[in-house]
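**Q** Going line by line, the protein sequences match chains A and B.
For what it's worth, the working numbering labels the leading residue of the first sequence as 1, then goes sequentially.
For what it's worth, the working numbering labels the leading residue of the second sequence as 114, then goes sequentially.
Everything labelled a hint here was simulated from the structure, so no lab data went into it.
Misleading hints may appear alongside valid ones.
[Said to hold, decoys possible] On the chain A side, residues computed to face chain B include the following (Cβ under 10 Å):
(1) Pro44
(2) Ser49
(3) Ser85
(4) Phe89
[Said to hold, decoys possible] Covered stretches of chain B, as calculated for chain A (at least 3 residues, CB under 8 Å):
(5) 155–163
(6) 219–228
A virtual CB, placed ideally from N, CA and C, is assigned to each residue, including glycine.
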Amino acid sequence: DQQVKQNSPSLSVQEGRISILNCDYTNSMFDYFLWYKKYPAEGPTFLISISSIKDKNEDGRFTVFLNKSAKHLSLHIVPSQPGDSAVYFCAASRNQAGTALIFGKGTTLSVSS
Amino acid sequence: DAGVIQSPRHEVTEMGQEVTLRCKPISGHDYLFWYRQTMMRGLELLIYFNNNVPIDDSGMPEDRFSAKMPNASFSTLKIQPSEPRDSAVYFCASILDRGVTGELFFGEGSRLTVL
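All chains should be modelled from the sequences, with the hints used to inform the complete structure.
**A** As structure tokens, then:
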């Protein structure tokens, strides 16, 4: 019973277009959400986060949207670049001490030039 | 600044052997996490420590798995005896307090292959 679900294992996008990665969660106690990026043979690295008190957070080409009623979040990358090709993990937690991040299975993004 | 350091990077062993994975967290970080990555289950939390004390080990799959953190700068994850289904990439991560961001700093992982 996955609490954080990334239903698309892979996504292919052309350079310059928008990439949209989706994530659903089931635990209504989650109030903090993060996206991590992972290149082969490296550990995941933090990309962007959003608190449940917001519905949007933007950082350069990356924007995360949160729809609490639908328990859904998405990561938008505009414009997509070949260097964005990686595995993207969605993660969620209760934003309080003593809790851990719960990750989805990941979505592999391929950006072609 | 040194990041989270894991060793070995790669380990190939035979079924039934003992495996020990090691982690050095970022200095000053008070939380340490062990995650396992597989194709089927993605990144799953195994166990985490706060100030060297195990907080939640409910993700540890079986009694064959054990983890220790004898001091603030070192942790081990041991599998004994190992089985082929334990083959995965094991990540260690650390953080200074849960704070606001919840951003974990991951090591590069230890890729375990059990034959």
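**Q** Each hint should be assessed against the structure and marked as holding or not.
**A** Against the structure, the hints come out as follows:
1. Checking Pro44 of chain A against chain B: minimum C-beta separation of about 5 Å stays under 10 Å; hint holds.
2. This hint holds: Ser49 of chain A has a C-beta 6 Å from the nearest C-beta of chain B, less than the 10 Å allowed.
3. Using the Cβ-Cβ criterion of 10 Å, the hint placing Ser85 of chain A at the interface with chain B is not satisfied: the shortest such distance is roughly 18 Å.
4. A hinted interface residue such as Phe89 of chain A counts as satisfied when its beta carbon comes closer than 10 Å to some beta carbon of chain B; here the least separation is about 6 Å, so the hint holds.
5. Interface restraint, the segment 155–163 of chain B with chain A: holds (6 residues with C-beta to C-beta distance below 8 Å; minimum three).
6. Judged by the Cβ-Cβ criterion of 8 Å, the segment 219–228 of chain B is covered by chain A as claimed, because 4 of its residues qualify and three suffice.
In summary, the structure is inconsistent with hint 3 from the numbered list given earlier, while agreeing with all the others.
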